[in-house]
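Student: Note that the sequence shown covers residues 18 to 134 in the working numbering.
A hint or two may mislead.
[As the list claims (entries may be wrong)] Heads up, simulated PhoX-like pairs for lysine-lysine below, C-alpha to C-alpha not over 25 Å straight-line:
| # | residue 1 | residue 2 |
| --- | --- | --- |
| 1 | 110 | 90 |
| 2 | 32 | 110 |
| 3 | 110 | 33 |
[To be verified] Restraint ranges, calculated between C-beta atoms of paired labels, are given here:
| # | residue 1 | residue 2 | range |
| --- | --- | --- | --- |
| 4 | 107 | 74 | 32 to 42 Å |
| 5 | 81 | 124 | 30 to 40 Å |
| 6 | 124 | 74 | 13 to 23 Å |
| 7 | 131 | 105 | 33 to 43 Å |
| 8 | 113 | 81 | 33 to 43 Å |
| 9 | 59 | 30 | 17 to 27 Å |
| 10 | 30 | 67 | 19 to 29 Å |
| 11 | 56 | 118 | 12 to 22 Å |
| 12 | 30 | 64 | 13 to 23 Å |
In case anyone wonders, no lab produced these hints; they're calculated from the structure.
Computed from a prediction, not measured in an experiment: that's the story for all the values here.
Beta carbons: idealized from backbone N, C-alpha and C, even for Gly.
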Amino acid sequence: MSSNKKGWFKKLTPKKTWEQYVNTSVELFISNYMADGITDIEKMCKYYANELPIMFEYEKVLFSNTQIELIGKLITEYVKEYIKEKGGIDKLKLYSVQELDIMLDDMHKDIMKNLKK
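Full structure from sequences and hints, please.
Tutor: This is the structure in structure tokens:
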């Protein structure tokens, strides 16, 4: 993956960063952190960015602290702009803990079904 080259990081935009490193709905992203008691958007994005080395370890992608900070800031920009475009966080369709649990159970069932094949 060439995403670790300096040139790549200079070209990152909030949208490209979201697509490259998160690639889920903003509602699901926020809902998962709120379920863990984290309600501050900047904290959510910072925590997420700090987990990137773990998420990409099997792909042998290394991140510098500067890159992690940049990714966290760009993800924050993307989420805040999305919220602004929707008219505020109260306009988002956020998932309840129960809905998240059902989604996780369904995903687990799909994985187990595919492993049996």
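Student: Decide, hint by hint, whether the structure agrees.
Tutor: Hint check results:
no.	hint	in the structure
1	110 - 90	24 Å, holds
2	32 - 110	20 Å, holds
3	110 - 33	23 Å, holds
4	107 - 74: 32 to 42 Å	37 Å, holds
5	81 - 124: 30 to 40 Å	32 Å, holds
6	124 - 74: 13 to 23 Å	21 Å, holds
7	131 - 105: 33 to 43 Å	39 Å, holds
8	113 - 81: 33 to 43 Å	37 Å, holds
9	59 - 30: 17 to 27 Å	18 Å, holds
10	30 - 67: 19 to 29 Å	21 Å, holds
11	56 - 118: 12 to 22 Å	19 Å, holds
12	30 - 64: 13 to 23 Å	21 Å, holds
Hint compliance for this structure: every hint is met.
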